[in-house]
Structure formats: C-alpha cells, structure tokens
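2 protein chains.
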Amino acid sequence: MIGRVNHIALAVPDLAAAAAAYRDQLGASVGAPQALPQHGVTVIFIDTGNTKVELLEPLGDNSPIAAFLEKNPSGGMHHVCYEVADIADAIASLQASGARVLGDGTPKTGAHGNPVVFLHPKDFAGTLIELEQVPA
Amino acid sequence: MIGRVNHIALAVPDLAAAAAAYRDQLGASVGAPQALPQHGVTVIFIDTGNTKVELLEPLGDNSPIAAFLEKNPSGGMHHVCYEVADIADAIASLQASGARVLGDGTPKTGAHGNPVVFLHPKDFAGTLIELEQVPA
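Chains as they are written, first to last, in the working numbering: chain A, 1 to 136; chain B, 1 to 136.
Hints were generated in silico from the structure; no laboratory data involved.
Treat each hint with caution, since some may be false.
When chains are identical, the list treats them as one kind, so a pair holds in a single copy or across two.
Unchecked claim - Only pairs whose alpha carbons sit at most 20 Å apart, straight line, appear in this in silico DMTMM-like list of lysine to aspartate or glutamate:
| no. | residue 1 | residue 2 |
| --- | --- | --- |
| 1 | K122 | D24 |
| 2 | K122 | D14 |
| 3 | K52 | E130 |
Keep in mind it's a predicted model, so treat the numbers as computed, not measured.
Taking the hints into account, I'd like the entire structure generated from these sequences.
This is the structure we're talking about:
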C-alpha cells in the first residue's frame with residue numbers, strides 16, 4: 001500500500017534559524033518560506049534529490065504542531081509522509097486491520113493540495129504517519 | 001554538501017510487532033531482521049522505493065538507542081541519515097561552521113559498512129542527523 005516517502009516533517013521553533021543551518025552549514029537545497037494559514041504552519045521545503053524534508057514552524061493560534069514544540073522546545077522529528085495511490089482504499093484497509101485514522105477518518109486537503117490522513121502513532125511504534133494520495 | 005536521504009531511523013521497543021504493522025497493515029516491503037551486535041541494535045530495512053526506513057531495536061547492554069526508548073517507551077523517530085560524497089570534507093566544513101560532531105569527531109563504520117558521523121541535534125533544530133559517506 002504505502003509507496004515512496006513523500007517527505008519527512010521536522011517541527012522547528014525558529015524557521016529562519018533552521019533554514020540557515022540546513023542551507024549554510026549542511027549545504028542543502030532550501031526553498032523559500034510558504035505561509036499556510038489554513039494548516040497553521042509556515043513551511044520550508046528542502047529538496048534532497050530523492051525525497052523532501054519539510055521544516056514546519058507554527059503559524060497562528062491553533063497550530064497542529066504547537067503542543068509538540070511545547071514538549072520539544074528545541075524542535076524535533078514530527079512525522080513521515082508516505083504516498084498512496086488511493087487514499088480511500090488505504091483508509092478502508094487500515095481501519096479493517098484495527099489501525100486508527102486520526103480525526104473523523106476522512107481525508108483532508110494537505111499542504112500540497114492532495115488528500116491526506118494521519119495515523120495514530122501508538123499503532124505504528126510511536127511514529128506519526130501521514131498518508132498522501134499522489135496522482136500516479 | 002548533503003545529498004539523498006539514505007534512511008530514516010525509527011527506534012522501536014518490539015521489532016517483530018513493528019515489522020508486522022508495517023508489512024501487514026501498511027503493506028510495506030519489509031526485510032528480515034539483522035542483528036548488528038557491534039552497533040547495539042537489531043535492524044529491519046523497509047524499502048520505500050526512493051529511500052529506506054530502518055526499524056531499530058536495542059541489542060545488548062549498551063545499545064545507543066536504549067536511553068531514547070526509556071524516554072519514548074512506545075518508540076519514535078530517532079534520526080535522519082543523509083549521504084555525503086566525502087565525509088572528511090563534510091566534517092571539516094561543519095566544524096568550521098561551529099556545528100558539533102558527536103563523539104571524537106572522527107567517522108565510525110556504520111551499519112552499512114560506510115564511514116558515518118552524527119551531528120549534535122541542538123545544532124539542527126532538535127533533529128539527530130547522521131552523515132554517511134556513500135561511494136558515488
């Protein structure tokens with residue numbers, strides 16, 4: 001079911017500082033910041049050639065990464081996103097297997113404009129997993 | 001400097017259970033467990049097509065992931081490994097920029113038989129970064 005790693009998301013307390021470290025110290029290909037108010041984050045994409053790293057900074061009052069950064073004030077690894085061909089099939093199969101899809105179990109539109117869901121980290125050894133339906 | 005994401009490492013308390021979840025529930029391409037006593041872990045590789053996910057379970061008394069699992073008993077995301085062409089150059093450049101290379105600052109032989117170093121997570125927004133020299 002799961003395909004490629006679409007991105008690895010890292011929550012950071014200071015987006016400009018993190019972007020500078022990846023660009024200037026690690027020599028990474030770091031994009032420009034994009035404010036996504038409907039997702040409660042400002043994001044910077046890092047293109048690693050085979051996948052992407054996303055640096056996420058909270059934006060607004062109800063950011064989905066605010067609680068994570070309260071627990072991890074220096075920042076940290078937040079989730080891994082895998083591509084799936086058909087998210088409705090993936091949800092049905094996962095729920096039939098007993099895995100918990102977060103929220104109301106229906107896909108939302110993610111940061112890339114594609115349907116996404118998140119899976120309960122307790123069902124996957126503590127890792128928050130995002131599934132994103134990516135057109136073939 | 002950094003190139004492809006070589007792997008994403010996830011520390012897990014129960015390797016067989018985690019492997020079953022990735023294989024049976026997520027339909028991932030999950031390999032066989034490999035005991036690496038010199039690295040203090042048993043590892044299972046998941047091939048996602050564009051990169052690898054490594055599930056790590058502690059092995060022996062001085063596992064480098066034991067403390068992480070004490071803090072995160074359900075498991076969690078442990079580090080991201082990037083490929084570099086020349087690890088000596090990478091270390092020199094990073095140290096000149098003020099970044100801290102863990103241990104004595106010299107490469108060790110990693111789980112894939114290549115030279116590796118780890119960078120201090122506080123210098124990179126809370127993410128533990130491994131650099132692995134991969135032959136071009």
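- Numbers of the earlier hints that this structure fails to satisfy, in rising order: none
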